[in-house]
Amino acid sequence: MNLPLTKVVVMEDRAQVERAGTLALAGGVTTIELAGLPVVAVDRSLKVEVTGATLHEARLVRRWKEKPKGGDPSALRQRVEALVDQQYEHDTDVYRLQTRLETLATTRRELLQSIAERAGYGEADVEAWQRQLDAVGTEQRAQEAAMREAQGRLEATRRELGATRQALALSEAREEALECALALSLEGSGQATVRVSYLVPCAVWRPAYRATLAKDTVTLEAEAIVWQRTGEPWTDVALQLSTARPTLGTTPPHLVADWLHLRPKSSAEKRAVDVSVREEVIQSAGERSQAAPEFPGLDDGGEARLLSVAGRVTVPSDGQPHRLPLFRFEAKADLELVCPAELTPLAFTVARFPNTSETVMLAGPIDLVRESGFVGRSQVAFTAPGETLKLSFGSADGVRVTRVLDEKPDENRLTGRRTTKKRVTLHVSNASAEARQLVIEERVLVSEVKEVEVQVLTKECDPAPGPLSRDGLARLNVALSPNATKTLKFTWEVSAAGKVAGL
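Sequence positions in the sequence shown follow the numbering used here and run 1 to 503.
All the given hints hold, so there is nothing to weed out.
When the alpha-carbon atoms are kept at most 20 Å apart in a straight line, the in silico SDA-like pairs for lysine to any residue are as follows: (1) Lys7 to Ser242; (2) Lys489 to Leu337; (3) Lys422 to Lys459; (4) Lys332 to Glu371; (5) Lys47 to Glu232; (6) Lys408 to Thr491; (7) Lys215 to Glu330; (8) Lys422 to Asp406; (9) Lys422 to Asp462; (10) Lys489 to Thr344; (11) Lys390 to Thr344; (12) Lys7 to Val313; (13) Lys215 to Asn355; (14) Lys215 to Gly373; (15) Lys486 to Arg403; (16) Lys489 to Asp406; (17) Lys332 to Lys390; (18) Lys486 to Val404; (19) Lys489 to Arg403; (20) Lys486 to Glu460; (21) Lys450 to Thr419; (22) Lys489 to Pro467; (23) Lys390 to Thr219; (24) Lys390 to Arg352; (25) Lys65 to Gly231; (26) Lys65 to Glu33; (27) Lys422 to Arg475; (28) Lys450 to Val500; (29) Lys7 to Thr51; (30) Lys486 to Leu405; (31) Lys486 to Thr402.
Rather than coming from a laboratory, the hints here were simulated on the basis of the structure. None of these values were measured; they are calculated from a predicted model.
Full structure from sequences and hints, please.
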């Protein structure tokens, strides 16, 4: 008997399949085999629930079973018989021609012997001998040509006969396939409801998104990309997507003692403070600062999530990606033109908008689309409902920024304090026919020790920048008229005490 698939829960690297249906029991103890289960089903994950009868035993049974033959081999068999008859005919022709060639060879030898004997008696008839030898030679050449054609037909028939016999043997050979069935031992009579669940490998899903910017509105569509090669097609099933990771286990790690030791500073350590400059990646939920590998692991924020696909879907067991819609939402976006001049001379259209859906957004790739079409691909991190997303929708034509950096170090001979002043000159041009409002981002050092001080010299900046963020980013706002250029200045300095080393 068969139990249809009703529900599939796809996890990060496997899937849980549920089957359900009713069985008719005649009474007493009945053994039933439910066929059609995948061979890769995990035995220890098998769970069977029976209502209306008593379950005595449930196990997965795997066996080799003969596969049905692909077609009727009678046509091949008839072809073999016809080729055998053709081979006999061609073999007979070859034998007949071979006999004729032997007879002609004997005739030629006897003719040459007769010519030799008559020449010895002095009876010479050269013209007659020439005609006789030409006639025998012509006949020999004709029979040799016929012999070669007959042998060619015989060899072709033999090759075709061998290939046909091989195809016939393959078509009549016994083929076996490994199948898996669920063996149930039930006791009861009447209708019994059976629900079966088990885990299968070779199934995976990942989230993917598409963001479309139209004027100041962003439409975000979330999809699930599902692959499966479990051996059973998921036809018309309720599909759910989980971020659970059952392979990680539930046993907490063993904690070991971590001993901390204190020692007094040496005289040299008291006289000097060793510091170093390092790059820090600004990472936050929602907004990302750099691209991550495509299709990362499922980032669920530390809590297992369960998403449902609307309606009933079909996912064949072909190992190919299948896109299934999850949810979509629209949100008003705050647009601004931003240029990180230290990294690129281009200005980018950046949209900030909230996640207005009631569902979290997991980490995944996102396709960026504008009214002109596809503009690129980026990544989104885990984003909770109501949290802000930041996406860049490509560069703006016509706006360019040229950055020039000038450093001036200075040292106080009395105190030994070293100061480095950095002047940044920004040449901004707007070659488009419309006015632009541009934001230029400049970064400064962020000090973590009191011996090193960093400050922005506001009086030497034009225009005055906004307050620094905690990550050391300053934003310069500039209004650009059509076909206009401007020059901006941004100055900051870093000051370190004389005992600071490494800066």
